[in-house]
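Colleague: One-letter residues, chain by chain:
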Amino acid sequence: MPQTSNDLSAAIALTRFGLGARPGEMARVAADPRGWLLGQIRPGGADQPQGDPESAATRLQAFRAYQTERREMRRADGDAASDRDPVQIAARMLREGTAVDFLARARLAATTPAGFRERWALFWANHFTVSAVKLITATVAGPFEQEAIRPHVFGRFEDLLVASTAHPAMLLYLDQAQSVGPGSQAAAVLGRRRQAGRAGGGLNENLAREILELHTVGVDGGYSQADVTEFARALTGWSVGGLREAEDRQGQFVFRVATHEPGARTVMGRTYPAGEVRQAGAVLKDLAAHPATARHLARKIARHFVADDPPPALVSRLEAAWTATGGDLAAVARALVAAPEAWDPAPAKFKTPYEFLISSWRAIGGQPAAIEHLAPPLNALGQRPFSAPSPKGWDETAATWAAPDAVIKRMTWAQGFSAVVAGELDPDVVARDALGARLTDPVRTAVARAESREEALSILLMSPEFQRR
Amino acid sequence: MTRTNLSRRGLLSAAAGLGISIGFMGQAARADGGSGRRKMVTVIARGAMDGLSASPPVGDPDYAGLRGRIAIPADRALKLDGTFALHPALAGVHGLALKGQARIAPAIASPDRARSHFEAQDVLESGAAVVYGTSSGFLNRALEAMPAGEIEALSVGATAPLILRGKVQTGSWSPGGAGEGSPRLPGILGDLYADDPLLGPALAKGLQTEAMAAMAMKDSPSQGPAAMAGGGGVQGLVRQGQAAARGIGTTVAGFMRQQDGPQMVAISVDGWDTHANQGAAEGQLANRLLYLDALLMGLHDGLAADWKDTVVVVATEFGRTARINGTGGTDHGTGSTAFLLGGGLKPGGIIGDWPTLKASALFEGRDTRPTLDLRGLFKGVLVDHMGLDRKALDATVFPDSAGVAPVTGLV
Chain X
1 MPQTSNDLSA AIALTRFGLG ARPGEMARVA ADPRGWLLGQ IRPGGADQPQ GDPESAATRL
61 QAFRAYQTER REMRRADGDA ASDRDPVQIA ARMLREGTAV DFLARARLAA TTPAGFRERW
121 ALFWANHFTV SAVKLITATV AGPFEQEAIR PHVFGRFEDL LVASTAHPAM LLYLDQAQSV
181 GPGSQAAAVL GRRRQAGRAG GGLNENLARE ILELHTVGVD GGYSQADVTE FARALTGWSV
241 GGLREAEDRQ GQFVFRVATH EPGARTVMGR TYPAGEVRQA GAVLKDLAAH PATARHLARK
301 IARHFVADDP PPALVSRLEA AWTATGGDLA AVARALVAAP EAWDPAPAKF KTPYEFLISS
361 WRAIGGQPAA IEHLAPPLNA LGQRPFSAPS PKGWDETAAT WAAPDAVIKR MTWAQGFSAV
421 VAGELDPDVV ARDALGARLT DPVRTAVARA ESREEALSIL LMSPEFQRR
Chain D
1 MTRTNLSRRG LLSAAAGLGI SIGFMGQAAR ADGGSGRRKM VTVIARGAMD GLSASPPVGD
61 PDYAGLRGRI AIPADRALKL DGTFALHPAL AGVHGLALKG QARIAPAIAS PDRARSHFEA
121 QDVLESGAAV VYGTSSGFLN RALEAMPAGE IEALSVGATA PLILRGKVQT GSWSPGGAGE
181 GSPRLPGILG DLYADDPLLG PALAKGLQTE AMAAMAMKDS PSQGPAAMAG GGGVQGLVRQ
241 GQAAARGIGT TVAGFMRQQD GPQMVAISVD GWDTHANQGA AEGQLANRLL YLDALLMGLH
301 DGLAADWKDT VVVVATEFGR TARINGTGGT DHGTGSTAFL LGGGLKPGGI IGDWPTLKAS
361 ALFEGRDTRP TLDLRGLFKG VLVDHMGLDR KALDATVFPD SAGVAPVTGL V
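Going line by line, the protein sequences match chains X and D.
Position 318 of the first sequence, counted from 1, bears residue number 318 in the numbering used here, the numbering being contiguous throughout.
Position 233 of the second sequence, counted from 1, bears residue number 233 in the numbering used here, the numbering being contiguous throughout.
These are calculated hints, taken from the structure and not from any lab test.
No experiment lies behind these values; they were computed from the predicted model shown.
It is possible that some hints are incorrect.
[What the hints assert, rightly or not] As a list, the in silico EDC-like pairs of lysine to aspartate or glutamate whose alpha-carbon atoms are at most 20 Å apart:
| hint | chain 1 | residue 1 | chain 2 | residue 2 |
| --- | --- | --- | --- | --- |
| 1 | D | Lys99 | D | Asp270 |
| 2 | X | Lys134 | D | Asp270 |
| 3 | D | Lys346 | D | Glu364 |
| 4 | D | Lys167 | X | Asp308 |
| 5 | X | Lys349 | D | Asp301 |
| 6 | X | Lys349 | D | Asp196 |
| 7 | X | Lys392 | X | Asp308 |
| 8 | X | Lys392 | D | Asp270 |
| 9 | D | Lys167 | X | Asp309 |
The following block holds chain X by itself, in its conformation from the complex:
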């Protein structure tokens, strides 16, 4: 293993494990870089963004009410739409809620003294992606992260999996809420409606498939199409309370026994007796404990933190920690900190657009003040807020993010950012504070020789070592 000084370890801890160094952090962390990381692992989970966030249930109630009003207005007035239309105003307010969530999350990332804890939370939020590509999920992507992900990121994986699967945002995003068992009581009623020419429900296998393929055992996990269908049947009944239901069910997880497919199910060779809501719960428990899940997640964590093609020894270490503790995520995080492969001095990871922007704010000791400072550059760089292109989440590899187009756009953004913030900053100090022992001589020299503060800061932000971690 390469010998690293405490200064280099501090730079790695702050930039690779964390989200970048704020002024003064490098010196503080150098006293005990590993201890600094281990101290961020805590049973209570990740931090919550500041503010008074609305719950998913409140947002969903508001959204359903908005949909109802819109339908009624359309019926009354045809297709007309205007800026003063109360329904348009409601739609705008719903969108603004999402913007508030995203800004609060970015401000937390830019200012937290526990950058490793926040990166660990962002990793799991991306693993269990709920994308804002649907209007209804746009309103709850933020609350989903706060309610289902952040509290559980240092707990047992099984609890995280269940919390994510049972959250209304996930049930709506992957079409589970409306799935109906073909042999259920509700199907009989709906069948009659269908014969009368009206819409009727049935099985939807989207969530079941993505849990197997993406969230747990992975695409090579050894499941078949029959397993997907059986798991989808077991999941029927997992749904979200609507506007016409009792107040305490609206926008909440509900189990609908009438839409649940009766009978025993067989998933990946195991038989699950009839058991209503507990049946899919038992499947989730077994999937969480499956060896393929440990392997899949160990590799994914290593890829996120260390390299697009991570060292097999590191993957083995993480897998062993996972298996030995039955998926205790705090133990896995500690194994990551302890792994010598994670401290390779060469930075192998190319920052995603979100990481690049957040680390830039951290470098100058600032934070984004408005969503307008965040959303346009992220859109331009291909990482629209809360809008991963698929349930697989954002890609993590350099090949995706280092396209020529993206490099030009990063340079353009760095120039605009520097023009606004460079003001009274001393670029040489910013460079030392942001990169510490990772700052190379050519970049130090180029920053020192720049013609202006703006140019110096742009050079730093676009330097090979700042673009990587």
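Dock chain D against the given chain X, drawing on the hints supplied.
Modeller: Just chain D now, kept in the frame of chain X:
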């Protein structure tokens, strides 16, 4: 100049809103009139396009029963032959089909059978027989295998699709790109990136192609007020989307028609994963098809005289279940439809055999059975149209694929 910049920004944001992204690469056009003039556009419909709606087999006796309320009504479908029609949203493609310039392959699939979007897209784009078979894209390797010439490559969009990745560096273009702020910065960064295998070539290519992109925008038909046409409400949004998609098509054509323009282009169109409420002659899927039709017609009109030298392939990672599911949509399936368009196509009916939708013919009792390998279709176009060598196709462009014969006689 101001107007050009505004419309460039408008175009890119319109493209992002539609889920359309574009990548280009290719050799500079050569004066000898050989394959250097030939152009190829690959459109990837990401999310699994429902072939049974895009080109409905309305004459198949099992079609209406399997599809229920999402079946395209025979009296609305645009007839191709006794069995097949096109979705009513594909009026432009239908017009080309009537002139022999568009054909369908209605039961085609990649070699992947896992019904996973991500795995199947990887297989489709990498050209490998199995997932993770190779980490570069088949279009990139096709360029490597092409007769020598100076390679010009360009990509538009914030991320690089797998189909274009590989040894041939793709260039880039973005609205309001370089040239704002410190004029020295690109040079300073160029020096700092000199030994950086990732950032060095990316920056160089990005800067080099800025000028070319600006030219393309200037030459392409106006994007101005037309893109904003429409009206209020959902129908207005759809009309705006169509105008924007058409604008993207003509702009891409503008890039391609330049002296040093790209010979190969890849365009991604997202949003085909219709698990719920996909609609029939109208609805969610119909709107995606309207955008696809507008994009293709934009390409056709923008390429003008060069249309006769161009082949467009529209492909998706897999099809969808033959039966309607419980939520007015369709789940992940196997065989789907590919479209082949171009001014130089040879006339003919459907490409490949139709397995029918009889219960006994369905793949695993649920999906359209594929009778044709997508690699065979691409190979046919690459051999007959782009002049690639069969040996290179079998070994490097599509590794270990000697058993998959090119579909010949298309062009």
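Colleague: Evaluate each hint against the coordinates.
Modeller: Consistency of the hints with the structure:
Between the alpha carbons of D:Lys99 and D:Asp270 the distance comes to roughly 28 Å, so the proposed pair goes past 20 Å and is violated. Between X:Lys134 and D:Asp270 the alpha-carbon distance is near 13 Å, which keeps this suggested pair within the 20 Å criterion. Taken as a hint, the D:Lys346 and D:Glu364 pair is broken in the structure, with Cα atoms around 34 Å apart against an allowance of 20 Å. Taking the CA atoms of D:Lys167 and X:Asp308, the gap is about 18 Å. The hint holds against a cut of 20 Å.
Between X:Lys349 and D:Asp301, the direct Cα distance comes to roughly 43 Å. Violation of the 20 Å bound is thereby established for this hinted pair. The straight-line distance between the Cα atoms of X:Lys349 and D:Asp196 is roughly 13 Å, inside the 20 Å bound, and the hint therefore holds. Among the hinted pairs, X:Lys392 with X:Asp308 is consistent with the structure: their alpha-carbon atoms are about 16 Å apart, no more than 20 Å. Between X:Lys392 and D:Asp270 the CA atoms are separated by roughly 14 Å; this keeps the pair inside 20 Å, and the hint holds.
Note on D:Lys167 and X:Asp309: the hinted pairing holds, with a Cα-Cα distance of about 18 Å set against a maximum of 20 Å.
Checked against the numbered hints listed earlier, the structure breaks hints 1, 3, 5; every other hint is satisfied.
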